[in-house]
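Enquirer: Here is what each chain is made of, one letter per residue.
Number of protein chains: 4
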Amino acid sequence: MLGVFGLTQAQAQQTVPTPPKMVPEMTEFWEPEVKVVTPGAGTGIAAPSDAIILFDGKDLSQWVSVKDPSAPAGWTVNKGVFTVKKGTGNIQTKQSFLDYQLHIEWQIPANITGKSQGRGNSGVFLSSIGGGDAGYELQVLDSYNNRTYANGQAGSIYKQFRPLVNSMRKPGEWNVYDVVFTAPRFKEDGTLFSPARVTVFHNGVLIQNNTQIKGPTQYIGIPDYNQPHGKGPIKLQDHGDPSEPISFRNIWIREL
Amino acid sequence: MLGVFGLTQAQAQQTVPTPPKMVPEMTEFWEPEVKVVTPGAGTGIAAPSDAIILFDGKDLSQWVSVKDPSAPAGWTVNKGVFTVKKGTGNIQTKQSFLDYQLHIEWQIPANITGKSQGRGNSGVFLSSIGGGDAGYELQVLDSYNNRTYANGQAGSIYKQFRPLVNSMRKPGEWNVYDVVFTAPRFKEDGTLFSPARVTVFHNGVLIQNNTQIKGPTQYIGIPDYNQPHGKGPIKLQDHGDPSEPISFRNIWIREL
Amino acid sequence: MLGVFGLTQAQAQQTVPTPPKMVPEMTEFWEPEVKVVTPGAGTGIAAPSDAIILFDGKDLSQWVSVKDPSAPAGWTVNKGVFTVKKGTGNIQTKQSFLDYQLHIEWQIPANITGKSQGRGNSGVFLSSIGGGDAGYELQVLDSYNNRTYANGQAGSIYKQFRPLVNSMRKPGEWNVYDVVFTAPRFKEDGTLFSPARVTVFHNGVLIQNNTQIKGPTQYIGIPDYNQPHGKGPIKLQDHGDPSEPISFRNIWIREL
Amino acid sequence: MLGVFGLTQAQAQQTVPTPPKMVPEMTEFWEPEVKVVTPGAGTGIAAPSDAIILFDGKDLSQWVSVKDPSAPAGWTVNKGVFTVKKGTGNIQTKQSFLDYQLHIEWQIPANITGKSQGRGNSGVFLSSIGGGDAGYELQVLDSYNNRTYANGQAGSIYKQFRPLVNSMRKPGEWNVYDVVFTAPRFKEDGTLFSPARVTVFHNGVLIQNNTQIKGPTQYIGIPDYNQPHGKGPIKLQDHGDPSEPISFRNIWIREL
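Those sequence lines, one after another, are chains V, P, F and E. Using our numbering, read the first sequence as starting at 119 and increasing by one per residue. Using our numbering, read the second sequence as starting at 119 and increasing by one per residue. Using our numbering, read the third sequence as starting at 119 and increasing by one per residue. Using our numbering, read the fourth sequence as starting at 119 and increasing by one per residue.
Please note that a few of the clues may not be correct.
Repeated chains share a single entry, so a pair holds when one copy, or any two copies, can fit it.
[To be verified] Straight-line C-alpha distance at most 25 Å; calculated SDA-like pairs for lysine to any residue:
hint	residue 1	residue 2
1	Lys349	Asp307
2	Lys139	Ile247
3	Lys176	Ser188
4	Lys203	Pro135
5	Lys233	Pro138
6	Lys349	Asp168
7	Lys212	Pro187
8	Lys332	Glu146
9	Lys153	Glu373
10	Lys153	Ser312
11	Lys185	Pro363
12	Lys288	Asp168
13	Lys332	Glu149
14	Lys204	Gly236
15	Lys139	Ile338
16	Lys305	Glu362
17	Lys153	Asn344
18	Lys305	Pro150
19	Lys212	Gly175
20	Lys332	Met140
21	Lys153	Glu291
22	Lys197	Trp292
23	Lys176	Gly158
24	Lys305	Asn344
Just so you know, these hints were derived from the structure itself, not from any lab.
Turn these sequences into a full structure, and let the hints steer you where they fit.
Expert: What follows is the structure, given as structure tokens:
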């Protein structure tokens with residue numbers, strides 16, 4: 119027999135509570151503060167012969183707009199680097215990847231202002247599994263003398279894992295991420311078989327050691343693997359903050 | 119120089135935000151509903167020669183009160199089983215364990231009333247790492263035709279992992295948990311080396327398969343391994359609900 | 119230019135050493151002896167509602183010959199059990215499985231003779247990945263007062279992992295294996311992504327705890343994952359020994 | 119009663135077969151050949167502020183002789199590098215380490231001669247757990263146009279795991295290993311709790327990805343964790359080959 123809303127009694131009985139919405143601060147953990155390490159000089163070893171060059175200083179031909187993957191990436195290329203162009207939105211690689219080694223360099227501008235998350239905010243999504251900010255975010259931020267929640271500073275797996283140490287260089291200097299990413303695997307029924315794992319070096323210093331990622335990044339709430347996927351593009355974030363924009367250069371990747 | 123609140127300037131600068139308190143429902147996930155399986159008959163294979171018998175039907179000589187570990191366990195022994203005595207509090211084993219195989223049988227009384235978490239609530243803490251309800255809780259509840267949040271029903275790692283299936287027997291019948299627990303390990307500096315892992319069969323049906331526990335159970339908030347520990351006792355919960363009490367029998371353990 | 123054997127010079131240069139053949143005894147490790155435990159009574163909890171019954175005491179309709187999968191399994195069914203019929207070869211399930219929970223009971227005949235591997239030898243191949251004896255073998259043997267190499271006794275992952283304890287029952291009594299198997303996963307290029315893992319209880323006693331299998335069983339040599347595969351049937355071994363044959367009963371499986 | 123050889127009957131019964139000795143070639147696997155990659159230029163990012171400098175170009179004050187740990191390391195220091203001095207034996211760090219990140223540079227001399235294992239052979243023992251060549255060996259060898267067994271070439275975990283690719287530089291150029299090592303952990307009874315794991319980059323290219331080491335390196339036979347241990351020194355090998363000696367420089371380590 120049909121009851122309220124045209125549901126059968128059995129269906130109506132199936133109405134279950136939905137967890138109340140959390141607020142972002144509930145997954146922002148400041149303590150203990152991450153220990154600061156001063157990295158050594160250099161940007162690492164150049165790309166090997168089997169790397170796919172994702173940016174060689176000339177153009178964004180390997181990248182597209184996330185909003186419209188048929189449109190070119192709208193960020194600015196100048197003097198061998200490219201820079202977030204506020205309001206154009208995130209960009210992502212044309213190609214998709216499963217497991218890989220990635221090298222990427224990024225620079226907080228010398229004249230950065232703001233504090234906490236409002237200072238040089240961007241991100242490297244290790245696998246974009248949808249539009250917008252969906253994916254596994256390795257945080258990009260100015261964490262040089264700029265404290266924020268530990269699981270949101272540069273080198274964190276955003277809102278999940280703090281970096282082992284803070285190995286950030288000064289604004290105006292180039293930072294380097296060397297990443298080894300293993301994509302999650304799913305069972306035929308869509309449930310998780312094995313989580314994504316990531317190892318990251320920040321300016322040559324180990325900051326994530328085969329970390330088991332908890333699920334796609336959630337700005338609000340608790341991450342979970344509820345969306346099976348395979349390969350995904352690498353995505354860079356236009357965070358839209360009211361401060362000077364971040365630049366990138368020398369990006370290469372090797373499929374594993 | 120002292121500033122506000124008698125803190126030095128350095129101390130005042132160190133004041134950082136504390137995450138707002140969550141509410142319990144934020145970690146209670148009802149969907150999707152766990153599939154029901156009807157378990158077969160029987161309570162399993164009897165204790166092997168190398169098992170430590172934690173309850174043989176006679177007395178609670180292997181158990182003490184959690185509130186006062188120098189006092190005997192105050193629960194009721196009758197006809198080969200023991201039963202929660204409301205208000206006496208949790209009880210725990212005298213002996214502590216690291217990695218182990220555990221067999222434990224438990225019964226929801228036939229005349230149980232209430233619903234959701236208010237129906238036959240107790241728990242097996244796989245390692246008690248403090249007083250009260252601290253530890254890794256394998257949930258005990260009447261989950262026979264009694265829906266609750268999936269990560270809080272019988273066989274869940276409470277508020278962390280739902281059981282793979284719902285293999286619950288009717289009130290008045292005996293349920294069986296067969297458990298393999300691997301304790302977490304910690305580094306010298308107190309940080310986590312490897313998380314606790316648990317495999318559980320409920321009435322002979324696999325419901326947790328080498329599940330990596332996220333940290334000690336949190337009724338409110340997000341679990342984390344912030345308290346290094348070694349061996350711990352097995353603890354049973356007096357949940358204090360206004361319903362008929364739960365009984366236990368035939369408990370044995372093998373150290374691994 | 120062609121040189122010896124019609125190979126080009128480049129091909130000839132590519133001739134590389136092949137490892138000398140090992141002998142079986144090189145992977146047979148007797149020490150230390152596995153500790154004996156006397157299991158308790160019983161054969162466990164009956165099949166749940168979601169199990170696939172692979173043998174219900176009546177016929178071998180779920181099984182076929184390994185030599186000729188279009189032919190029925192030639193073993194003998196009598197009084198609710200089936201028995202190896204020497205010379206008919208291995209048998210396997212019609213259906214293939216990936217990850218699963220398996221219950222299987224087996225009996226060494228009371229009048230068994232012989233010693234070491236020549237006494238009640240059979241095996242449960244957890245996933246048959248080819249004909250003959252190819253697959254991941256959980257050893258079946260009379261290990262009651264019959265010492266053999268530890269990684270070849272009952273409950274071993276044959277020639278790889280000894281059981282944690284020896285929980286064998288006497289000839290003429292029924293033994294029980296309860297198994298949780300996770301199949302290996304492979305990358306697109308055929309290399310290993312994650313190894314097979316297995317948990318086994320022998321007569322209710324944990325003997326393999328999420329053991330990472332090294333590769334398909336090798337009677338001679340060192341196992342390796344050089345053959346990517348997905349689902350496989352469960353296979354039982356006709357070892358062909360000159361002694362009384364082994365029987366099986368009550369076999370059920372649940373896909374995970 | 120004493121029987122043959124003065125053993126009691128019980129002792130005589132305990133005499134068990136010992137596996138026949140293998141020959142070294144049985145664990146030397148040439149096929150398939152490891153794919154060659156040409157690494158990019160550079161030696162990586164300089165030591166961060168929290169690194170322990172194990173060699174700064176001046177002296178071997180952080181090292182001792184393995185044969186006699188009270189004696190100084192007898193290798194030759196010249197022009198900012200140190201070189202194996204044949205016949206003086208292995209050297210090891212004074213300090214012991216558990217889990218760590220290690221950077222080490224090594225050079226095959228330009229005038230190297232010989233082939234296969236007889237060409238620039240040395241090794242980095244990731245944890246020395248005894249004298250001589252005991253430990254977990256990350257192979258050092260001239261693998262530039264010098265084929266040998268894949269699990270014995272530069273970047274292999276010797277006789278266990280081949281490198282993912284061959285990223286070797288020419289003799290006369292400096293090679294770089296960047297290593298993340300997680301030491302094995304043992305249970306109280308001396309059995310293995312978790313194996314050693316290692317990630318290695320060779321000239322900036324990932325060649326070992328959280329590889330689970332099978333046990334201390336065995337030149338002959340099958341490795342196994344039969345010797346519980348904690349921290350160990352880093353050890354470098356004097357392989358004693360009749361060819362030009364290998365040099366090392368710029369060695370630093372960070373405890374994790």
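Enquirer: Check Lys349 against Asp307 for me: Cα-Cα at most 25 Å, and say if that holds within a copy, between copies, both or neither.
Expert: Both: 18 Å inside a copy, 15 Å across copies.
Enquirer: Between copies, within a copy, both or neither: which fits Lys176 and Gly158 at Cα up to 25 Å?
Expert: Close across copies (19 Å), not inside one copy (28 Å); limit 25 Å.
Enquirer: Between copies, within a copy, both or neither: which fits Lys153 and Glu291 at Cα up to 25 Å?
Expert: For Lys153 and Glu291, the Cα distance is within 25 Å only inside one copy (20 Å; across copies 36 Å).
Enquirer: At most 25 Å between C-alpha atoms: does Lys153 with Asn344 qualify within a copy, between copies, both, or neither?
Expert: Only across copies: Lys153 and Asn344 sit 17 Å apart there, 34 Å inside one copy, limit 25 Å.
Enquirer: Can you tell me if Lys153 and Glu373 fall within 25 Å by alpha carbon in one copy, between copies, both or neither?
Expert: between (32 Å within a copy, 14 Å between copies)
Enquirer: Under a CA distance limit of 25 Å, which applies to Lys203 and Pro135: within one copy, between copies, both, or neither?
Expert: neither (42 Å within a copy, 31 Å between copies)
Enquirer: 25 Å Cα cut-off: does Lys305 pair with Glu362 within a copy, between copies, both or neither?
Expert: neither (44 Å within a copy, 41 Å between copies)
Enquirer: Indicate which option fits the pair Lys197, Trp292 if close means a Cα-Cα distance not exceeding 25 Å: within, between, both or neither.
Expert: within (14 Å within a copy, 31 Å between copies)
Enquirer: At 25 Å max between alpha carbons, let me know whether Lys212 reaches Pro187 within a copy, between copies, both or neither.
Expert: Classified as within; 8 Å inside a copy, 47 Å across copies.
Enquirer: Please sort Lys332 with Glu149 into within, between, both or neither, judging by C-alpha distance up to 25 Å.
Expert: both (20 Å within a copy, 18 Å between copies)
Enquirer: Is it within a copy, between copies, both, or neither that the alpha carbon of Lys305 lies no farther than 25 Å from that of Pro150?
Expert: Classified as between: cross-chain Cα gap 17 Å, same-chain 37 Å, threshold 25 Å.
Enquirer: Within, between, both or neither: how does the pair Lys332, Met140 come out at a Cα-Cα threshold of 25 Å?
Expert: both (17 Å within a copy, 19 Å between copies)
Violated hints, in rising order: 4, 16; the structure is consistent with all others.
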